[in-house]
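> Below, each chain spelled out in residue letters.
Number of protein chains: 2
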Amino acid sequence: MTSLASLSAETAIVGVGQTPFTRGTDLTTLGLHLEAAHEAIADAGLEPADIDGVMPNELAGTVAEDFILELGLPNLAFSSTIRTGGASFVSAIQSAALAVAAGIATNVLLVAGRRGYSAQRVSKTSEGAIPPHPVMRQIDEFERPFGNTVAAQWFAQAARRHMHEYGTTSEDFGHIAVAVRGHANLNPRALMHEKTMTLEQHQASPFISDPLRLFDCSLETDGATAIVITSAERARDARKPGLPILGVGEGHGDPPTSITQKRDLTRIEGLERAAARAYAMAGLGPDAIDCAQIYDGFTWIVLASLEACGFCGPGEGGGFVRDGRIALGGALPVNTSGGLLSEGHCSGANLVSEAVRQLRREVEPARQVADCERVLVTGEGDFHEGAALILGAPE
Amino acid sequence: MTSLASLSAETAIVGVGQTPFTRGTDLTTLGLHLEAAHEAIADAGLEPADIDGVMPNELAGTVAEDFILELGLPNLAFSSTIRTGGASFVSAIQSAALAVAAGIATNVLLVAGRRGYSAQRVSKTSEGAIPPHPVMRQIDEFERPFGNTVAAQWFAQAARRHMHEYGTTSEDFGHIAVAVRGHANLNPRALMHEKTMTLEQHQASPFISDPLRLFDCSLETDGATAIVITSAERARDARKPGLPILGVGEGHGDPPTSITQKRDLTRIEGLERAAARAYAMAGLGPDAIDCAQIYDGFTWIVLASLEACGFCGPGEGGGFVRDGRIALGGALPVNTSGGLLSEGHCSGANLVSEAVRQLRREVEPARQVADCERVLVTGEGDFHEGAALILGAPE
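Top line first, the protein sequences correspond to chains A and B.
Position 380 of the first sequence, counting from 1, maps to 788 under my numbering, and the rest follow consecutively.
Position 86 of the second sequence, counting from 1, maps to 494 under my numbering, and the rest follow consecutively.
Quick caveat, the hints were computed from the structure, so don't treat them as lab data.
A hint or two may mislead.
Which copy is meant is left open, because identical chains are indistinguishable; a pair holds if it fits in one copy or across any two.
Calculated pairs, SDA-like style, for lysine to any residue (alpha carbon to alpha carbon, straight line, at most 20 Å) [to be verified]: (1) K670 - L477; (2) K603 - L435; (3) K670 - S526; (4) K670 - A640; (5) K670 - P482; (6) K648 - G693; (7) K670 - N483; (8) K670 - G480; (9) K532 - A612; (10) K670 - E478; (11) K648 - S526; (12) K603 - M571; (13) K648 - C720; (14) K670 - L479; (15) K648 - E455; (16) K532 - L692.
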């Protein structure tokens, strides 16, 4: 029997590219993708024609043929698309690693990002966002008519339930927002680089959907991120050291319902399963993780994800994030770039590029996690779906 | 270095399911998919809860969560979607095989099919069919305004060019239609089971788009097909013998343009590349194939696919299909179920189920290919994209 572990460290990330995160752009979504893709390919020391696998991102509406046409890819042998919302980019790494490990493709390009400010503003409406998903059908039929319309409302209910069950407070969410903002203040790429935030300011920020305040919500930005995955063997000769994919996993909730119909609103079951699979592949547990890049569409998602990934027990997230534990210098620095809350919202892909830069020692010195050897990255989609990646230091 | 060959015979198809093909249905598209899925899972001797990977078909608009919700899949660890039109189902087999071979998933369910008669009639319009594809953008902008609207028109231009370049005739296309119809006449599942066709009838059938006649076009039917893929090792203990996936490959044309802008209208470049990859993985060539299930959206596609798969040289397809060579009893029986032309159009998935049944010796005796040990199945999408599968007899 083949074991999950056989995929561990067989493949590596060798290139990253990222557009600036802005509020407003003259580029199309595909234009943003191409800018990030060119940068990632060059970062890997490759030419576009070396790319023979592409995983486009569904949320952006691009397809493999866009990249064949625009980049010039004469030899594409692998393409597929993951359809799990904010978990898609990390799940796509699993598929890309499979294709590379088996020799189906040599260099796989993954791209995500959207015009989250100029076109697809999640604060405005979710209508038609993920058309065929049963979750959206449930929302469209039973919830939208009563005004339960946008993501902030949905996650507010999960946050409130967590508060009710476990005594979690708005200040706990605030600790996450403040820690992540502090990281953004050290990151010139971050949209919120210049804007500091105190816990008092978080607490004074208006409710978007009680109990979620303005500063509990991620940014709406335009931008894209790309990475290139190749084999661990080829990565040794790459322009920059490759980062081995030690573990990766995908998980889904069952049943996949809208958030109001979940059996337990306080949990992200898909991420629990994904993290368990990634740990099993890597042969590691939460203790081995030096730094975590957690999908942070809302602060509550970070809190629930820390629980789902076993950094603390169910309901203990509120206590875990206090006392600077998740800030740089703490026991588990989280979202060291500023994440989706304060760097930019790139469908989660910028969490992966930050993991790469931390492991390469390419970030600003004040932002570098000391002795950073293993980074966990998570994705979360549609309330239930999860994905987890454990990336290692160069071999 | 991992070689392509390492994936050969590591995985197997262990279950197939198929709804009847009809003109009209009371079921939704998802309902058709579930009927086929239940049959495939039972055919594999499994319960729905044993399925931990799902690959839905984009053309049908279903997503993995539909199957989690409707079948009850508590443990899904792998899902992805291929977006290459009629090549998607065979390409999806590649991704499923990768996931199973690496131990990411144990049993992967693949489903395709649509309400091709009751809802998505390709003879009516292609508008919005594959929205984000650059090919469709090109058609929408430059060709649709001039009336170049439906698939029959597009492929008519390819067929006409083949005739111009190589002296191929409408009768050559007719030999394909007649051979495949003859197979349907032996297959009670085929929509055209009762309707015979002579070459004279083919030649007398009206032009849909010159030179393609009515009988050069595939059927518009409602229906779905599903398969289950597991490891070769587990397949040995399955309810029925597993069919090893000896080779599988995906290929794309470059550049991916609409058919009128292709560099060479007479070739399906993506399929040439896909077939070469599948042969390389299997360590076999065209000579080793006992029977071929060729994507037959139009008769011309069969002719060009036989060339792309190396059964004859470029331009030699017209000569190849004469003299009964592709009929049962000939050197290379093609589309022994009646295919999309005469059994039903199920986004190509029924070509895979027919390959399984031939190798299992489950077809009617008159339709059984003698000594059938290896079957080639192809997919074709969007003029350029191709996929090829080589399935072997039970080990």
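> A separate judgement is required for each hint: does it hold in the structure or not?
The hints, checked one at a time:
Within a single copy, K670 and L477 get their C-alpha atoms only as close as 42 Å, which misses the 20 Å cut-off; across copies the closest is 13 Å, which meets it. In this assembly of identical chains, K603 and L435 lie within 20 Å of each other by CA distance neither inside one copy nor across copies; the values are 26 Å within and 55 Å between. Proximity of K670 and S526 under a CA criterion of 20 Å is satisfied in neither setting, with 32 Å inside one chain copy and 35 Å between copies. Taking CA atoms no more than 20 Å apart as the test, K670 paired with A640 passes in neither setting, with 40 Å inside one copy and 37 Å between copies.
Proximity of K670 to P482 under the C-alpha cut-off of 20 Å is restricted to the inter-copy arrangement: shortest distance 14 Å between copies versus 46 Å within a copy. For the homomeric pair K648 and G693, neither the shortest alpha-carbon distance inside one copy (28 Å) nor that between copies (40 Å) is at most 20 Å. For the homomeric pair K670 and N483, the shortest alpha-carbon distance between copies (17 Å) is at most 20 Å, but the shortest distance inside one copy (44 Å) is not. Taking identical chains as interchangeable, the C-alpha atoms of K670 and G480 lie at most 20 Å apart only when they sit on different chains, with a minimum of 15 Å there against 45 Å within one chain.
In this assembly of identical chains, K532 and A612 lie within 20 Å of each other by CA distance neither inside one copy nor across copies; the values are 23 Å within and 58 Å between. In the homo-oligomer, the alpha carbons of K670 and E478 lie at most 20 Å apart only across protomers (16 Å), although the nearest pairing inside one protomer, at 42 Å, exceeds that limit. Taking CA atoms no more than 20 Å apart as the test, K648 paired with S526 passes in neither setting, with 34 Å inside one copy and 55 Å between copies. In this assembly of identical chains, K603 and M571 lie within 20 Å of each other by CA distance neither inside one copy nor across copies; the values are 28 Å within and 68 Å between.
For a Cα distance limit of 20 Å, the shortest separation of K648 from C720 qualifies neither inside one copy, at 35 Å, nor across copies, at 46 Å. For the homomeric pair K670 and L479, the shortest alpha-carbon distance between copies (18 Å) is at most 20 Å, but the shortest distance inside one copy (43 Å) is not. Proximity of K648 to E455 under the C-alpha cut-off of 20 Å is restricted to the intra-copy arrangement: shortest distance 15 Å within a copy versus 47 Å between copies. Proximity of K532 and L692 under a CA criterion of 20 Å is satisfied in neither setting, with 41 Å inside one chain copy and 55 Å between copies.
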